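Q: Here's the letter readout for the chains.
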Amino acid sequence: MMKFRFRRQGNDPQREKIKQELFAFNKTVEHGFPHQPCALAFDPQLQLMAIGTKSGAIKIYGSPGVEFTGLHRDAAAVAQIHFLQGQGRLLSLLDDNTLHLWELGGASRDRGGAKSEGVVYLEEKRNYSLLGRPGLESCSASRVTVLLLLSSCDLLCVGTEGGGIHFLDLPRLSLRDNQSLLLDQVIIPEDYRCGKSLGPVESLQEHPKQPGKILIGYSRGLVVLWDLSTRNAEHMFLGKQQLESLVWERSGSSFVSSHSDGGYSVWAVASGNTYTHQPVSSSIPYVVLYSGGMPRASYGDRHCVTIQQDKQHVTLDFTSRVIDFFTVHTTDPEHDYDDPKALVVLLEEELVVIDLLTTGWPSVPPPYLAPLHSSAITTSCHLDNVPAKLWDRLAAAGNNQGAQPGSWPICGGKNLAPPPRQQELLLTGHEDGTVRFWNVSAVAMTPLYKLSTANVFHTDCDPNDDPLDPTNDPEALQEEEWPPFRKVGCFDPYSDDPRLGIQKISLCKYSCRLVVAGTAGQVIVLGLSDEWSDHTVDVSTVDLLQDREGFTWKGHDRLEPRASPAPFPPGFQPLVLVQALPPASVTSVMLHAEWNLVAFGTSHGFGLFDYHRRTAVLARCTLHPNDSLAMEGPLSRVKSLKKSLRQSFRRIRKSRVSGKKRPIPTPTSKIQEANAALADQEEVAPVQRRIEPRSADDSLSGVVRCLCFADTYLRDGTHHGPTLWAGTNSGSVYAYALEVPGVGTGRGRPGGEGSGCVEAVLGKEIQLMHRAPVVSVCVLDGRGKPLPEPYQASLDLATAPDMTNPHSVLIASEEQLKVFSLPKVGAKTKFKLTAHEGCRVRRVAMVTVCSTAQEDYSETSLVCLTNLGDLHLFNVPALRPQVRYDCIRKEDISGIASCVFTRNGQGFYLISPSEYQRFSLSAKVITEPLCTVELERPLETHIRSLLHTNTSGNTHSSLLETHTLLAVPGGDYNRTWPRSPTPLEGYLQPPTYHPETRPSIAHKDLRHDTTQGAGANPDRKITSVTQPTQVTHPSQGRYESAPVSQ
Amino acid sequence: CFYVIRTPERNSLFEAEYRRFALKMSGICGFQEFYRLLQTVHHIPGVEVLLGYADIQGDLLPINNDDNFYKALSSANPLLRIIIQKRDVDEPVVFATNSLQRRKKGLAGLRPAQQKSKPGLMIGLPQDFRQISSIIDVDILPETHRRVRLHKHGTHKPLGFYIRDGVSMRVTPQGVEKVPGVFISRLVRGGLAESTGLLGVNDEILEVNGIDVAGKSLDQVTDMMVANSHNLIVTVKPANQRNNVVPRASRVSAGGNSSSGSVGSAFSHDSAPSTASQSVSHHSNSNSVAEGDSDEDGDGDLIIETDSLPPYLPHRCVSNGNGSHRESPLSSSLGQRPLPQSMSLSMTTPTHNCSPTKTSSSQESMREDGNIITL
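The listed protein sequences correspond, in order, to chains A and B.
Using the working numbering, you'd call the opening residue of the first sequence number 1 and step up by one each time.
Using the working numbering, you'd call the opening residue of the second sequence number 1 and step up by one each time.
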């Protein structure tokens, strides 16, 4: 039946061609922080960082704007990533025990007609999965535990759960047959073996100076220095303590092992000696970095990474789990020390970078990978063509908040994308009452400025105790505490008061006026100021229930405005607080800065406020008399929720029971089963849907869904003037004629002070018969184009609207799109989307799309996002369907709800709490990563052949794995450690290990370079090790190395 | 006042005569008296006529006894449209829902051009009832399918049915295949669906208002039905296949095109516009379904033009009392000034109206239309 809908505009080839030049759907780039990251790698040569996620995505980041994304075919979690340094290739190990080789290649992809030279993309080249040897190794024995890429990048060593080590040629990923090193090939003294297996391979490390040798650490504690060429164990270190990880010192004369009891040992590698029983030293003279290691009883719930250097000791206290970390350090192999410049810590919810060169180790604000969800996003709003004046003032205000762009240590790759044509701003409103301003002009989404509205109100928390401020000076929080904690990072999912949540935002980019409206009916009008200000905010209340009797609001209270003046930092500062009563969540807000008016709507009605004179102009109740639900506040859906919960529990219980019991089928039990099945069928009735037209008294019918200001013809066809339009959930549209002093036909602009009151008079009421919620109202000028924004016409920034021909109004409900004539409201065109397609409109926007073929040709279209997640484009005002694209999965309700469109045909929606997917409907305006990387290998290399390897499991129960150690300042080596040697409680370490991460050493005058922090307490319960985290930390105590005591 | 349309000759369609005249409500006490009065007024004494009136919904309803005569009188506000037709023995007049505005309904237009023929057998149609449902397009559908139209418009009964997901068997070239389908799962007692007797539990839903539901989810079909609920046409494959309506033509010959057994078309076969539309080609007709469908429900949207909306005042004095406003502290003016509500508009209106403005012509015409305009 689609055919006759689309047949109408015909298959006019001319039109089809124009459509192709106008519209094209592309998902272009993901902004924000990857959801559920679980692996991290860094290529110090190319200066690229890779992050793997649980959903199987690999993302590579370099300097701002340089991004590559790859997605594994199977959505298995990425367990490990390793760069083949300098080659632009990387290896990933998935949870399903498969290895994948990825390559940055110059495959040419055409997009938007413009082909860019030298642009590279990430592509999977080949994969390999380890097979257990039948009869020899069980399935779990071939699970990969560790990977080691030799620095020559031609050989991959794979350690397995079963203790075997296999070798694969790179980049072909082919197994070297018969070269695998199995446990029985390692000859060890009988008295050490004691008949027990050596356990899984826990660590593999290449000798820093002698390329052919690797250090193998087995779980039970044995460490073997293995010569690959002679296939001979050169040296054995008979450790007795369960091993977690190994790290070489740069000179190769010693290495450090970390153990499950939270200790670590330094072993000397002396030649001539085949067996070593005891570690040599147990003091740590270096700068050490490690995660975990906190005394579990007191700090077990913290997520920490500790940096120690000489007397400096900082324990970075994060708000989410540490996944992994690395240092950015020198790649010069001749260097004695690593000279780390920065520490990069990947947490579950954000990325934190610490500048190790600057005293105090401040954190560096990242130019991308911003944790959008530091507090949950509740709304968003996009502005294009932001004037430079507003942009600069915002940036200045943002700099005051400590968002100075520091020197970003990860700077690989080159951004080839042309500079953005215009500045674009995305505003996100958050649950904690903040509004964040993001620069979305280009691929890297960068924080610009953050506005907090909590200080307008009196809340329980002390406003000075703002944990979100990343610039907390280190001293402030340390106090007497040991270890010296320092809060780092901005992920803070806990809201002080849910009523602070931002629901709607409206910003005028020309007058720098901002309106934010929140969950407790608060509407705050703000103005931009470059100076600190200390003032009281005017408060006025608007009762939306004015003439209604018998309603009692049972929802939350309004927020208490702050009584005393508060200091407001430069940036947007509140001018007026308008409080809607009852304090239901604001569902719609619209600002008209030119008329100094703000309109807002809740589930009870809408109001109009003149913020210049600070008077309410209008309050209109939209409640239907039968709507009792509207009074119950946000908990109105409890009942149905309870019911559905009960039902699903019942189902779960039933399935559990049936899963547990597997009775032997006897004739009687069969009958019982059949009866039970019948009963099941009866009880769990199939999903049914009631077919009934909407009635006027459906619940929440009064919710005001949209508001719109327009200068148009409402009274008669000859005089236009300001109007206000409001649409409700039950298909009603109210149109008010406004009398704004100084605005209107035949009068000049208000010469300064506006005088007299604004007045609003109801002009029309339209009740759509199908009663579907009105999603949007938009007035079209005589040419059928949407009216320009406030100030655009008066400041000559846009073509003046056509006021000579009759206007019309486009009303989009969830079911239909309709254009009515004005001033006499008569239906002109319509499209019944739901009746035809069975989908409902969720979001609509007017977009102007430019043609790729003709510079000056553009069309204005109406874009609709439906509940099925597809996008429909219609021309305006004829409302003919143009194109349709699938965009979001229909199950992804939050994605659909979060979608926001830009005027030039792009859009954003949340693909996870922390990531926006950017997409483009325009064939011309596409913001996508176009970047290149200087590689050592030629871009065209094609190597074929896939190979196999064997590996073993990933799930060992290791306790901790230390990672990186840093140098210690030379000289004073015998530092004493603060307290007595308490056993450290370790954090369990996951099985990740990073061959490319070297111990890094700061300061040249250090004598040693590596060590491992260690420290899990053996008598503690060891939590399982599925997540890659790092290192433990010697907590309290005089530091004594925890040698492997017998 | 009554507004009367008289159609003396039903075959010559354009020979209609319109009369408008006033009548004292109390003057007439019964149907017979009124009937005679009309005969007198129209100078057609002795001619057998049928009386009908247009009710608020726009439906043509009969006047043939005292009861419905009084009902008609009570619905006059203030005009009552009465339609008089010469009683024709051959052609029973049907009073159907929306028959005034929408002669041609449903998907009958899908059928290829065909000439009408008179039904051989005449069964008297109930003239005193409002139509609530019909089986339509019998002659173009397979015998196993049924296209049912439910006229929600004007009744207060709920539609009263539920739908569910299910599995349907289809015969394909590859053999019998199971495909997902949507079925009626429940009929509400006393609902419109039940009372028609045309829909039953487990009937498979194939189309909604001409749109195939294959491949659509239960929620999509629900939304489509709700969106069309005021005039719902569902094509079903009844679970009970014994009561199928068999188009007469198909019995004679497969290619026969002279069917008029369709109940739906019987209702409308006397209207000239529908004849025209039937003779158009198949394609444009399917188009006209989609379009005609859209046309019809603009009626629903209710536009209330507020009479009190002041006309544009070219020189309203801006400086009115503004001085005092400006001097008053902002805070004090908050919440004290009564906010105009839509109800309280009359308060402000008189001042506008008494100002010496010439009422524009458009204003006047708007007034004449009255408060409520149905499109």
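Calculated directly from the structure, the hints in this document are not laboratory data.
Here the structure is a predicted model, which means the values were calculated and not measured.
One should not assume that every hint holds.
[Claimed, not checked] Straight-line alpha carbon distances no greater than 25 Å define the calculated DSS-like cross-link-like pairs of lysine-lysine that follow:
1) Lys-832(A) with Lys-152(B)
2) Lys-152(B) with Lys-830(A)
3) Lys-832(A) with Lys-785(A)
Q: Taking the numbered hints from earlier one at a time, note which ones the structure violates and give those numbers from smallest to largest.
A: none
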